[in-house]
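**Q** Take a look at the letters that make up each chain.
Protein chains: 2
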Amino acid sequence: MKDLLSKTILKWSETLHKECLPHISIDCVVFGFHNNSLKILLLELIRENTWSLPGGYIKKVENMDDAAHRILQERTGVRDIFLNQFKTFGKFHRSEGFFKEFDDSFWLKQRFISVGYYALIDYTSVTVRNDEFSHSSKWIDVSKTPTLMMDHNQIFQEALAQLRRDLNYKPIGLNLLPEKFTMPELQKLYEAILGKKLNRGNFFRKMKRYGILTKLEETRKGGAHKAPDLYCFNLEVYNKALENGLQENW
Amino acid sequence: MKDLLSKTILKWSETLHKECLPHISIDCVVFGFHNNSLKILLLELIRENTWSLPGGYIKKVENMDDAAHRILQERTGVRDIFLNQFKTFGKFHRSEGFFKEFDDSFWLKQRFISVGYYALIDYTSVTVRNDEFSHSSKWIDVSKTPTLMMDHNQIFQEALAQLRRDLNYKPIGLNLLPEKFTMPELQKLYEAILGKKLNRGNFFRKMKRYGILTKLEETRKGGAHKAPDLYCFNLEVYNKALENGLQENW
Numbered sequence: 001m002k003d004l005l006s007k008t009i010l011k012w013s014e015t016l017h018k019e020c021l022p023h024i025s026i027d028c029v030v031f032g033f034h035n036n037s038l039k040i041l042l043l044e045l046i047r048e049n050t051w052s053l054p055g056g057y058i059k060k061v062e063n064m065d066d067a068a069h070r071i072l073q074e075r076t077g078v079r080d081i082f083l084n085q086f087k088t089f090g091k092f093h094r095s096e097g098f099f100k101e102f103d104d105s106f107w108l109k110q111r112f113i114s115v116g117y118y119a120l121i122d123y124t125s126v127t128v129r130n131d132e133f134s135h136s137s138k139w140i141d142v143s144k145t146p147t148l149m150m151d152h153n154q155i156f157q158e159a160l161a162q163l164r165r166d167l168n169y170k171p172i173g174l175n176l177l178p179e180k181f182t183m184p185e186l187q188k189l190y191e192a193i194l195g196k197k198l199n200r201g202n203f204f205r206k207m208k209r210y211g212i213l214t215k216l217e218e219t220r221k222g223g224a225h226k227a228p229d230l231y232c233f234n235l236e237v238y239n240k241a242l243e244n245g246l247q248e249n250w
Numbered sequence: 001m002k003d004l005l006s007k008t009i010l011k012w013s014e015t016l017h018k019e020c021l022p023h024i025s026i027d028c029v030v031f032g033f034h035n036n037s038l039k040i041l042l043l044e045l046i047r048e049n050t051w052s053l054p055g056g057y058i059k060k061v062e063n064m065d066d067a068a069h070r071i072l073q074e075r076t077g078v079r080d081i082f083l084n085q086f087k088t089f090g091k092f093h094r095s096e097g098f099f100k101e102f103d104d105s106f107w108l109k110q111r112f113i114s115v116g117y118y119a120l121i122d123y124t125s126v127t128v129r130n131d132e133f134s135h136s137s138k139w140i141d142v143s144k145t146p147t148l149m150m151d152h153n154q155i156f157q158e159a160l161a162q163l164r165r166d167l168n169y170k171p172i173g174l175n176l177l178p179e180k181f182t183m184p185e186l187q188k189l190y191e192a193i194l195g196k197k198l199n200r201g202n203f204f205r206k207m208k209r210y211g212i213l214t215k216l217e218e219t220r221k222g223g224a225h226k227a228p229d230l231y232c233f234n235l236e237v238y239n240k241a242l243e244n245g246l247q248e249n250w
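Keeping their order, the protein sequence lines are chains A and B.
Per UniProt numbering, numbering through the first sequence is continuous, rising by one, with the last residue being 250.
Per UniProt numbering, numbering through the second sequence is continuous, rising by one, with the last residue being 250.
If you are wondering where the hints come from, they were derived from the structure by calculation, not from laboratory data.
Just so you know, these numbers come straight off a predicted model, no measurement behind them.
Among these hints, one or two may not hold up.
Claimed, not checked - List time: in silico SDA-like cross-link candidates among lysine to any residue, alpha-carbon distance up to 25 Å:
1. Lys100(A) to Pro22(B)
2. Lys100(B) to Asn63(A)
3. Lys91(B) to Ser13(A)
4. Lys100(B) to Glu62(A)
5. Lys109(A) to Lys18(B)
6. Lys91(A) to Asn63(B)
7. Lys170(B) to Glu243(A)
8. Lys60(A) to Lys100(B)
9. Lys240(B) to Gln157(A)
10. Lys59(A) to Asp151(B)
11. Lys188(B) to Gly245(A)
12. Lys91(A) to Thr15(B)
13. Lys60(B) to Leu108(A)
14. Lys11(B) to His23(A)
15. Lys240(A) to Glu191(A)
16. Lys60(B) to His23(A)
17. Lys18(A) to Glu14(B)
18. Lys170(A) to Leu216(A)
19. Lys60(A) to His17(B)
20. Lys196(A) to Asn168(B)
21. Lys59(A) to Gly97(B)
22. Lys91(B) to Leu16(A)
23. Lys170(A) to Leu194(B)
24. Lys109(A) to Leu16(B)
25. Lys60(B) to Glu19(A)
26. Lys18(A) to Arg111(B)
27. Lys59(A) to Asp104(B)
28. Lys240(A) to Asn199(B)
29. Lys109(B) to Asn63(A)
30. Lys240(B) to Gln162(A)
31. Lys91(B) to Gln162(A)
32. Lys197(A) to Gly211(A)
33. Lys196(B) to Ser37(B)
34. Lys180(A) to Lys221(A)
35. Lys170(A) to Ser125(A)
Just chain A, with the same shape it has in the complex (with noise of 0.2 Å):
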């Protein structure tokens, strides 16, 4: 099994020698938002026995952008992903310690860049195929995630400030959230993202003046309780206000 899977990796290690740049990666924090909560995509690698960010290399005649969605369509099967590149990682020794047994000339041995992409993705859209190399892909949640390989935990913690930067500028609601949602996952989402409890009373009221949700006619059916009301964004207000920036200290 160990042989096999050496000799696999040797052969996908020649196709990225000839196909893809050097030194450069692409790593991916892809979020999710299920039941209430905030998830980050995560495989667990067969070879190493640990958990890694999803990520890839760059074709020599690729954009980069372009590889970027190029890996996660390859990964979840999810065309035209919100995709946000945050920042490059280019620690010298970032990438020391990995396939020890193999040779210096081996092309997945040597040290790569990473650029750093976070993406906002329907949970619900997501087919996850796994590889060669990963056992399984995962949804855990942002609070609960473990010890990743390499400073993938750095780079996902910066991605996550980032998404926490960006929740006044970008559409991060509209990517994460199903077309219609009740107030109550809205909130949820805003304190996934924070990382602390919002007052609900003080929530409800910011996202009123905002006026960048619209209440819908239909209410949630089902529930033991009362049917929550539904809403949606109101595009127009909504991209107009995050150009200016929404200014909210939250």
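Assemble the complex: chain A is given as a structure, and chain B must be docked to it using the hints.
**A** Only chain B this time, still in chain A's reference frame:
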């Protein structure tokens, strides 16, 4: 002259090939503030007869951030410059068309993905050092930026946009102004970054309300008019305020 230049470039290229990572460059947008105007540092290249941002390459055994500091220290003579990585530029064709007369094996002709940093620097502390490839280095008013090589105009525009967003989060004023400054100077700096005029009374009131400035006993001597008040930043309040972000819609 042209042959000599080509030889110098070939030799330089060989050194870079030995010492630096291929395919990755660094470009720096260096901001300075002088005579009430926001300026960037530009190089006039001999060879292409065009303007360029200062930049360089990452040594194989060097952290990326350290490379950015080294590149700027070599160019300006200033150590420990305030640097902020803001975006990485990775379009396939971005560095095409340069060094046309060299063959494809020429190191400087390869595709480069460029990591953008902006720097804030005390204008008065800079002693610009030219090299074999630049006629001259000049501070140019941001509103008068000429056409730059490759995608450097875009890199500059993105740096300025990031500087604008960072006004409420990073010590921009502290790093661009001299230690002691007048309120009109501070206002001019904000106006230059924001690209618009601000109301003098409102600006004064907002700055007072933040409590981030300390009014000094001394005034500025020497003008024809009444000596204007001098201020400095109250670092404790300023840093605390930036941590949460100054909630201001300029």
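**Q** Checked against the structure, which of the hints given earlier come out wrong?
**A** none
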